[in-house]
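K.L.:
The residues making up each chain are set out below.
Number of protein chains: 2
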Amino acid sequence: MTSRKGNLMSVRSDIKVLDATIRDGGLCNNFEFTDEFVRELYKTNIKSGVDYMEFGYKASKEMFDESDFGKWKFCNEEDIRAIVGDNVSDMKIAVMADVGRCDYKKDFLPKSESVIDMVRVACYIHQIPAAIEMIEYFHELGYETTCNIMAISQANLQQVDEALKMLCGSSVDVIYLVDSYGSLYPENASTLAQTYLAAAESAGKQVGFHAHNNQNLAFANTIETLSYGVSYLDATALGMGRGAGNCAMELLLGFLKNPKYNLYSLLSFIEKYMLPLKEQGVVWGFDLQYMFTGQLNRHPREAMAFTAEGRKDYCDFYKSLLDNF
Amino acid sequence: MTSRKGNLMSVRSDIKVLDATIRDGGLCNNFEFTDEFVRELYKTNIKSGVDYMEFGYKASKEMFDESDFGKWKFCNEEDIRAIVGDNVSDMKIAVMADVGRCDYKKDFLPKSESVIDMVRVACYIHQIPAAIEMIEYFHELGYETTCNIMAISQANLQQVDEALKMLCGSSVDVIYLVDSYGSLYPENASTLAQTYLAAAESAGKQVGFHAHNNQNLAFANTIETLSYGVSYLDATALGMGRGAGNCAMELLLGFLKNPKYNLYSLLSFIEKYMLPLKEQGVVWGFDLQYMFTGQLNRHPREAMAFTAEGRKDYCDFYKSLLDNF
Numbered sequence: 001m002t003s004r005k006g007n008l009m010s011v012r013s014d015i016k017v018l019d020a021t022i023r024d025g026g027l028c029n030n031f032e033f034t035d036e037f038v039r040e041l042y043k044t045n046i047k048s049g050v051d052y053m054e055f056g057y058k059a060s061k062e063m064f065d066e067s068d069f070g071k072w073k074f075c076n077e078e079d080i081r082a083i084v085g086d087n088v089s090d091m092k093i094a095v096m097a098d099v100g101r102c103d104y105k106k107d108f109l110p111k112s113e114s115v116i117d118m119v120r121v122a123c124y125i126h127q128i129p130a131a132i133e134m135i136e137y138f139h140e141l142g143y144e145t146t147c148n149i150m151a152i153s154q155a156n157l158q159q160v161d162e163a164l165k166m167l168c169g170s171s172v173d174v175i176y177l178v179d180s181y182g183s184l185y186p187e188n189a190s191t192l193a194q195t196y197l198a199a200a201e202s203a204g205k206q207v208g209f210h211a212h213n214n215q216n217l218a219f220a221n222t223i224e225t226l227s228y229g230v231s232y233l234d235a236t237a238l239g240m241g242r243g244a245g246n247c248a249m250e251l252l253l254g255f256l257k258n259p260k261y262n263l264y265s266l267l268s269f270i271e272k273y274m275l276p277l278k279e280q281g282v283v284w285g286f287d288l289q290y291m292f293t294g295q296l297n298r299h300p301r302e303a304m305a306f307t308a309e310g311r312k313d314y315c316d317f318y319k320s321l322l323d324n325f
Numbered sequence: 001m002t003s004r005k006g007n008l009m010s011v012r013s014d015i016k017v018l019d020a021t022i023r024d025g026g027l028c029n030n031f032e033f034t035d036e037f038v039r040e041l042y043k044t045n046i047k048s049g050v051d052y053m054e055f056g057y058k059a060s061k062e063m064f065d066e067s068d069f070g071k072w073k074f075c076n077e078e079d080i081r082a083i084v085g086d087n088v089s090d091m092k093i094a095v096m097a098d099v100g101r102c103d104y105k106k107d108f109l110p111k112s113e114s115v116i117d118m119v120r121v122a123c124y125i126h127q128i129p130a131a132i133e134m135i136e137y138f139h140e141l142g143y144e145t146t147c148n149i150m151a152i153s154q155a156n157l158q159q160v161d162e163a164l165k166m167l168c169g170s171s172v173d174v175i176y177l178v179d180s181y182g183s184l185y186p187e188n189a190s191t192l193a194q195t196y197l198a199a200a201e202s203a204g205k206q207v208g209f210h211a212h213n214n215q216n217l218a219f220a221n222t223i224e225t226l227s228y229g230v231s232y233l234d235a236t237a238l239g240m241g242r243g244a245g246n247c248a249m250e251l252l253l254g255f256l257k258n259p260k261y262n263l264y265s266l267l268s269f270i271e272k273y274m275l276p277l278k279e280q281g282v283v284w285g286f287d288l289q290y291m292f293t294g295q296l297n298r299h300p301r302e303a304m305a306f307t308a309e310g311r312k313d314y315c316d317f318y319k320s321l322l323d324n325f
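For the record, the sequence lines run as chains A and B. According to this note's numbering, the first sequence is numbered sequentially starting from 1. According to this note's numbering, the second sequence is numbered sequentially starting from 1.
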């Protein structure tokens, strides 16, 4: 077992905080953020010391109609530039590319012509070969890359070992542990993180963690895995993200000891932009229906439907989950 | 360092779950629960496999006027019996006695005449001698006893060592780590728990943990400390408790592997009794104002006032906390 890196008082210079509000939060409002919202979040993230801001997906326009979604599902170069100009800041820009739902050979410019710094390739564990093909392509174009292996709580250890071996032989920069179902307990998360770290460190790669809050453990799991050496930490303003949401940025910035991270700027943004979003009826965050799917290690889709329908019959819902296990 | 006890799959027969909904939750509604509510919770706890149910405080009637509070601030013997009869169940009954706010020599019957099984003595760390005097008195009367040392995040290690030494020389059965300010991170909580456990085990005593959710870590800290050997675990239905609330019973029961614990009964209670309480305007649970006081390791009193006033100016509130540090 790897030991903890640093302690509760120390600064870890390898830590990188990534704001995924627009990308994961976009799953709650069909990516329909105003330009003002995105621009203010961009400025806020810079002031808060955030290291990467993820703007959204690069989704296939063959598969998805642009008129059905907000622009951040597609992250056209000109739309990002309308917010960030040439991004004259220390903060880097990330986008996500889903295996199987991205026309990556068509929709990406060479890095030299793009304001995007990092492409995060999201895949399920059986899609690692497809992910690696994309990663090598993005690497050739000059981008930093991550591989975000989703739904890791359903993978078996043999698959994890094999995936790590393949990724360690690739050009990927960061390997992400993604608890899509919010099913991991801190002990699971730290064991998995240590497995990732052991492989990644020997290949000169970093490890990241992306949490979901189905069991109210998103923040706890994030700081637990970071304590063992995970460096790339995903968080979102007010925890905005699909279903139960993600690790809340305000909890994470309050925890980190590096003085570059600034909580106050984020609070202003939350007060002015996030709370109105909630008041407008955009729904996310911990609730019993997500706890059920988290405890049962299942995709939250039924819980999301339960939420969307405004149902409150938690007992019947719970029984229905046990029925169709 | 002690190692973890058991693992994520195993049953630990030393675990005791204590429901503190009426006692800590009573701080949110002035202890004004209906008899129906308390009776249904009592039945639910029995069905759910809960080991102890705390009914409230034994507060001094000299200091507090009975007409100003619901009956569970005083826990008269006849009021408990009106709910539980002779408590013909495996679940034990607990009450809390605050150092300095309890006429303990007047208000407790000998155990042989009471339906109460356990008295939990709550104190700050400088009140340990007063707590021990009460513990010895309750022990003589025949009760199980705990000492709940509150606000432990503000105690220094020397105080903790001294307090543990004194308690280990007393008749107390369980020593509770109480994170009143919700300021502990899992690493802090587990380090403290290991200190408590090392002392307690050599004296044949048990250790308990009582969490607050100011940084959304109540459940995480509870399962972290339990993994190192803490046996007595406090939780409340829907996390109901002062300010940001406590560890949610539904998260804890979903985590524990002992088949005696049953989530479904609790869900029925939550749906029928807890959600209406929220709808009636009783307020508790994680929110930014509590996160601030948790991060700053402070009593949540200003955050509670902010909540009571229905304020939403989080930035101004945060600045005011920094002002009067």
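Check the hints yourself; a few may be wrong.
Intra- or inter-copy, both count: the list cannot distinguish identical chains.
Here are the computed lysine-lysine pairs in the BS3-like style, where the Cα-Cα straight-line distance is at most 25 Å [claimed, not checked]:
1. Lys111 with Lys165
2. Lys92 with Lys278
3. Lys319 with Lys257
4. Lys43 with Lys5
5. Lys278 with Lys111
6. Lys278 with Lys312
None of these hints come from the bench; they were simulated from the model. Treat the numbers as computed from the prediction; the structure is a model and nothing was measured.
K.L.:
Give a verdict on every hint.
P.N.:
Hints, verified against the model:
For a Cα distance limit of 25 Å, the shortest separation of Lys111 from Lys165 qualifies neither inside one copy, at 27 Å, nor across copies, at 63 Å. Neither within a single protomer nor between protomers do Lys92 and Lys278 lie at most 25 Å apart by alpha-carbon distance, with minima of 28 Å and 42 Å respectively. For the homomeric pair Lys319 and Lys257, the shortest alpha-carbon distance between copies (19 Å) is at most 25 Å, but the shortest distance inside one copy (44 Å) is not. Proximity of Lys43 to Lys5 under the C-alpha cut-off of 25 Å is found in neither arrangement, the shortest distances being 31 Å within a copy and 47 Å between copies.
With identical chains, the CA atoms of Lys278 and Lys111 are never at most 25 Å apart, being 36 Å at best within one copy and 52 Å at best between copies. Proximity of Lys278 to Lys312 under the C-alpha cut-off of 25 Å is found in both arrangements, the shortest distances being 19 Å within a copy and 13 Å between copies.
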